[in-house]
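Take a look at the letters that make up each chain.
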Amino acid sequence: MGRRKGYQKITEMSQVDHKSNKGGLMQANGSGSLPFFFKSLTNGSSNSVDRPSIDSRRSSHRWDSETSSPKPMKFQDDDEDWDDDILSDLTIKGEKFPPFRGDDDTTKYLNSIVNQPDSISVKEPTVELQKSPLNKSIRKNFKSLIKDPLSLLSDLDLAEEKKIYGVKFEKFYSILQDEQTNEEQELNKLQNLSWNGIPKRLRMIIWQMLLRYMPINNSRRVAQLERKRQEYQQSLSEMFKDSKKDNNVWHQISIDIPRTNAHVKFFSNTKIQDSMSRILYIWAIRHPASGYVQGINDLVTPFFHVFFENYMENDFNVQEDDIEELSQSTGFEDILKAVEADTFWCLTKLLDTIQDNYIHEQPGIHRQISNLVKISEKVDNALTEHLEEHGLQFIQFAFRWMNCLLMREFRLELVIRMWDTYLSEFPQGFKDFHVFVCCAFLMKFSEELKEMEFQDLIMFLQDNSKTSHWNDKDIELLLSEAFIWQSLYKNQLTYT
Amino acid sequence: MSNSAEDYSYDYEYLFKIVLVGESSVGKSNLLSRFTRDEFNIESKTTIGVEFATRTIEVDGKRIKAQIWDTAGQERYRAVTAAYYRGAVGALLVYDISNSSSYEGASRWLSELKDHADANIVVELVGNKSDLNHLRAVPTDEAKSFATEKGLLFTEASALNSENVELAFQQLIKAIYDMVSKHQFDMNDYGNDNKPITGGQTITLTPTPKDSKIKKDSCC
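Note that the protein sequences, when read in sequence, are chains A and B. Take 13 as the starting number for the first sequence in my numbering and just add one per residue. Take 10 as the starting number for the second sequence in my numbering and just add one per residue.
Quick caveat, the hints were computed from the structure, so don't treat them as lab data. Backbone N, C-alpha and C fix where the C-beta goes; we use that ideal spot for every residue, glycine too. Keep in mind that a hint or two might mislead.
[What the hints assert, rightly or not] Covered stretches of chain A (chain B as the covering partner; in silico rule of three or more C-beta atoms under 8 Å from a C-beta of chain B):
1. 412-418
2. 457-471
[Claimed, not checked] Output of the computed footprint for chain A on chain B, the stretches with three or more beta carbons under 8 Å from beta carbons of chain A:
3. 42-54
4. 60-72
5. 79-91
Work out the full structure: start from the sequences and follow the hints.
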């Protein structure tokens, strides 16, 4: 009865969402065990929650092009934060570059940049390089992939991709192939499609497009990428040339990088670590209001993983395969340079949307947490009352959820899947939508939490092993639930 | 003395809130996991904000539960972590014996505690990573005399090989207990109001953030 009613409502909503295909999962799930939000929706009226009608839900549906199509986008070089003057600010109050494990490599690397300003253009292999042949894991056409990532399209095994991803792959593929429509429309289509996950082979390209880093337009793409990478290399060589560093910033980064996903071979490789350190350092120096804050190191890893994977053969597993041998082979340095520069710019784009999270007193995080409290009270008042009764404050467990974007709670593969959706909601994804994801995450454990007292509550919430069995489907269900809460309660958020 | 099974027992007479502070990367989280779970993780990630763990031990025949808040060392988190100093009756101020700047930061952490914690808080200076004796940058005597001068307890310990970890926590808890049993100040018996505590007495010096909404019977 009650259940039945709830199911119908969800089905109705699913139909509303059908346009963007977001309801599919919920429908599938609805026939099995009843997810918690069925109950909440059915019983919700007793909580005197102002539940909007289906129509008003529709109007807050971001995929309704009339109501909330993304703002028109420009693709000229609009990185306001990159001005030429900054280079003069970059040689700073530093002391000697403190010793860092990878210092030799860093120096070698930097010398190669300084001596070769146009370093992104790929060198012909020298005699020396021929001694270390191209590793079989690196894609043979890596040079053209660096130059124009979309050259990938001509190289794909379409039959194989379709076998894995079905129609979805064809849709992505046709958008990327299509040169004629305008960029805004194409981006809109990509956002819609990406919400439900992006095929692995296309992920780097799509992420960079969703972040408005890589132009969709063919005529500007190659030149733009080359220029951005050169700008990055130039700032690197400026900043590191006389070994003068902001000691405190560099020190903090150099102690955090070795403990960033250290259990994964890829991230314990010295060259990868040095590269991530440079990205973080330059970002920190260019954003003095926040500087480097612990947690930002986590945010580099999905980009690094996805971008690097783009240049590897399908059978290469970034997280499991040995990278030591690979890192000595031809092509690795070129790939790393491109990945590093692209990661820097994409990280910058992402952090631009949540910089308040990392400035003094972290007001962005406090705002997100107070929004989370507000939304959670609407969704499950009994739970929030229970937490309050036991003296548990949201900040005690949700601070990390905000500061690290739930990256501490999930395995990296799952985070990457989450980011497909967050990026399709860019620029609000990491800020507002994330709050709803946190709410959906908390609600996952509502029934268990209601049985716990203070100590068990906090121990349970901070323990990330509770998601060790999660897979893509769990993440997708979580995102769908978050989407529902967002449709219902978006107007409850405060922004100041 | 105690094992993890006891942690979940509500059978205790005192509850002490303790904070772990110190510079980034000195090993605070591993000291805590060694003490509460007998675990050490060489790949442990940076602590963001605060993390919580607990263990119950026996002192003078009394069962005392230590509720320990492990804090992030980075400057940016000071505003968040300082909120946890309130209500703490003890603090472990940790530095790394192989890293002199982590030791030099100790006086700054002391004044942090002075600003945000109760004046009666018992502080212990802990030189962690004593297994790195061959890389030692902070002489034991120097740290010891600094501790004496400031009225702090002192020990060197190693979360990696467990050396003195028990001792470090035990002597802090013992010192708090001695002070409490001498002074018996501000003992709040929350009874059933505060669910995590179903028995015994919570020792606080000032209300903790989480306690602020709970009615207290003042008894002194």
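Practice task
Can you take a look at whether the region 457-471 of chain A is actually covered by chain B? Rule is 3+ residues, C-beta closer than 8 Å.
Solution key: Our answer is that it holds, as 5 residues pass the Cβ test (under 8 Å) against chain B, meeting three.
Exercise for the section: Mind taking a look at whether chain A covers the region 42-54 of chain B? Criterion is 3 or more residues with CB to CB distance under 8 Å. Expected result: holds (count 4)
Practice task
Verify the coverage statement for the region 412-418 of chain A against chain B, using a C-beta to C-beta distance below 8 Å and requiring 3 or more qualifying residues.
Solution key: This one holds; 3 residues, not fewer than the three required, reach chain B with a Cβ under 8 Å.
Problem - Claimed coverage, the region 60-72 of chain B by chain A - three or more beta carbons nearer than 8 Å - result: holds (count 4)
Practice task
Take the region 79-91 of chain B, compare each residue's beta carbon with every beta carbon of chain A, and decide whether three or more fall closer than 8 Å.
Solution key: holds (count 6)
The structure fails none of the hints (numbered hints given earlier).
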